[in-house]
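S.K.: Given next are the chains, with one letter for each unit.
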Amino acid sequence: MSPWLNFFIAVGFMASLGLALAMVLVIANRRLFVYEDPKIDEVEDLLPHANCGACGTAGCRAFAEQLVAGEIQPAACTVNSAEMNQVIANFLGVELGSQEKLVARLACAGGNHVAKRYGNYQGIDSCRAAAMISGGGKGCVWGCLGLADCRDVCDFDAIVMDKYDLPQVISDNCTACGDCVDICPRDLFSLQPARHRLWVACKNLEKGEKAERECTVACNGCGRCAMDAPEDLISINNHLAVIDYTKNSLASRVAIERCPTGAIVWLEDGVNKGKEAVKIIRKQPLPLE
Amino acid sequence: MFGLSTFKHGVHPREYKELSNQLPIRRLPFAPTLVLPLSQHAGKPSVPLVQPGQEVVRGQPIAAADGFMSVPLHAPATGRIKRIELMPTARGPKTDSFILEVYQGSNQQHSYDNPQDLAKLQGKDIVQLVQDAGMVGLGGAAFPTHVKMTPPPEHQVDTLVANGCECEPYLTCDHRIMLEQPEQLIQGTRLIMRALGVERAIIGIEDNKLDAVKAISELLPAHDPITVQAVETKYPQGAEKMLIKSVLGRSVPPGSFPSAVGVSVFNVGTLAQIGELLPHGRGVIERVVTVSGPGVEHPGNYLVPVGTPVRFLLEHAGVTSGAHEVILGGPMMGMSVSALDVPVTKAMSGMVVLEQNDPDLHKQQAHPCIRCGWCVEACPMQLNPSMLGMLAASSDYDEMANDYHLNDCFECGSCSYVCPSNIPLVQYFRIAKSVLRERAEVA
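Taken in sequence, the protein lines are chains A and B.
Residues 1 to 289, numbered by this note's numbering, are exactly what the first sequence covers, in order.
Residues 1 to 443, numbered by this note's numbering, are exactly what the second sequence covers, in order.
All clues given are correct.
Pairs of lysine-lysine, DSSO-like flavour, derived with a Cα cap of 30 Å: (1) A/K163 to A/K283; (2) A/K116 to B/K82; (3) B/K94 to A/K210; (4) A/K283 to B/K94.
I should point out that these hints are in silico values taken from the structure, not numbers from a laboratory.
Just chain B, same shape as in the assembly:
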């Protein structure tokens, strides 16, 4: 392990990647009804373009972007829009969603192409095409990709970093994409490099996926501006700021974006989709989702149409009788869902099903902090979670934010993971942040 570049601190949770990382991506059939929330991205919800009752074909835009901080939405299957109504989402609140009744004969053919001559495209055309594709960060943040491609003018971006770390346990969708679609990944990377006007791109991959490093390196000619770099397997290597530190040695100042140090970071799944969709002028209508965990009978990676209810996906992958908790995303940062009617959205990278007897799920009582300092050693942002936790217990939220840099915490959960007293630190920080956000809104 020595010699590999990495960041300070972090944790090493058990990976469980072997459940699904050797299996090729499989295509999931259409669910009879798809649920398509108008807000699957950070920013303003999109505006419907079609009426209830109207027929749509696979790939057709059904909602338009509402301004720059928004992206359009495309129909993942041919069918009829039944209605637009409030439907539950994984985050909790109900939002306006299309209910799309899929026709029985609906096939995988794209009926809505808008082919592009890639050689002629200028930088701003690419940005526009990426927005038209409804592209968001597929790693989980759901931040509109075209916004990331337009850094503020005062920031000079010189390097593109492709994030192929996938440091969450269980998840292997990015791994499979890098193995199965390296051409599209390289194509997408070159397109974004042209749009950003950068000379250099680094694909950072954790060293537990050396086959992916090999698969991509083989396709790159010598002295190519794109390089592949293996980094240490450590959680949260896939966090933007950690990866920049690992591959470039640059530290992003607190409270600013990576473009402040001349870097733009994109998830490899996002880049591969851009490489595949942009030449045809298509939109994001499906994504690769890892379905894994001890509660799943057939773990694997599935190519899932956006809007497929989680229940349908679970029925296909099979659920064991002991299945107890369903987590969307990875087990470190993901969130358990209360209703299986929620749909797969663009930003959902995985689904982990845990069983009742799973030791990780075993509920243990929280004990007082013994000041062992493990959380301080684990925190990748070099915060003091122990102190923050004690302040949270006494509701001293302002002090947390002003003196202990609460807002630098990106909720990776390393502190809760190592805490021998089982203190749910990151949950306390989420409460604190939510209270402070509300106060800021009131003020």
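Bound-form chain A, shown alone:
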């Protein structure tokens, strides 16, 4: 047999094998084809890729799919800038929609200059670990432990610890993803619409002097805010003022003016306390008792 014949048999075999496999691929491509809107990829590119879940979907890709399907409005993404969301709305030709700005708020104002500590916690730098060891040494067992689990979990640098070891939320950075709400072992964070100005920065359930003994700025359940506020806006529940936000439109500064400890505050251009609130002069941490 001439060597050429061998050569042609081999080439012919490989060519027909390639052709047969190509046919399989062609058939598979036809029969198993899934149409995906090319808009999904383009919309995804316009999203921030934070995958934070603040919009309520599993991530940016899932959000893009729902956007293209018209199930959700672009404004639901709180991480993107308003301009970028407008670009998406124009691209898809849909309404921008409106998303109320939510921010994480801490229901505690007990920094180390006002809240007593009885024990010195040594161990892992984590609120959760401290909370499990006899409450972490803080006198108020409802208050912030100040070991910054929330700052560490925040993907957007929206939480910084102030000089009193209390987390401060930078509203502009906060996307209301809810990670801090989940991580706090004392459940002090909640997501609140930014228009809620009246805020009780305390969760202490003790009454009167017992509450104030542990923390200068604790709510002592005196009830003055509830008396001054209109129509059941504020109620006292377990010696703690609770605001009914369904009546938020009635809220005004009147409620905070007579608060003796400054536990109830008005959040507008910073934290505003009432006229009768005790003045905090101390700048250093309280000594251990």
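Once you have looked at the hints, place chain B on chain A.
M.R.: Chain B alone, transformed into the frame defined by chain A:
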């Protein structure tokens, strides 16, 4: 040491038992004010039976059980209930507690007896009496004893194991109870055996307490259903599953109770109290607490009324000037307290006071894991703490639970104890468990 039955792995921390194991149990006077939390047990808090302002006598029930998973509470001293208010507890959260102002003339006499004819008692009567006594596991778990005495119907219990291991360093209260109250211990064991309907009981005692083995054996007739067995001195021999493995060779399957392999385990202190209280129909109002450690001037075992503030107990035992940290329970599994106002509860077995210069307390920085495997060799549950620790560092809690059996860890602390890199492994596991518990509650 060869020939003694034991379990695999475990550690040998220094014992420090000599500080207190030769001293007889001493009675502590009443503190002027007792703090009695309504929830001193696992399960639902008890329901108050008395009003603020009301006078109570020693031994009187002051709170009733709220359902089956709950136990009543009795007044440890004669006095007046001042109020019911939120008070700090050793665990951290504040809970509703009775504040009992003790009368100056209050004495040790029980004024609230309900004598029982032991010979006539049926099994279920004994269970009811144990609940009425407010009895919980005195070893530290605070699990209601009568619940343990009622195993699920699908489990056939054939052996009672009395846990006299007391493997925690410093603690000697169970040791002293076995030496000083062996009759009550045997009485209690026989009562529980009758309630459970079992033919056999084994009292497991570590071989560093052979005098206790002797004291109990001497009181038992030949061929008695109760036997005493010495086991190797090793931490955590006193853990339920370890002791069952040691004395019976049975392995409790992951996630199930000892009754699944036909065993019920009770702490010897619990059994001795049952033997003492049940014939009189009394409730748990005091317990033996070991106060020990380098920071204590007079270490020893004290018979302490429940509700005594820790501060009062420490004032009596004396604290050295170098005292730095107070741990409730033993140093391996116990927890330091931040406030000395917390009361002694039914489940508190000891108090260890460490000094600042104590080498065990010396804070060393945690270093990266070097994969030496010491923790794997120490873990009595045959888990892989090294891997679990690395997963915890990256917050992979679900993987810890699903693939590495996090929930089998009972937080004995052997892994942290041996880790040459000082990685606080067991603390990481506690964080992981707490996060997973919260997620399960939300879901």
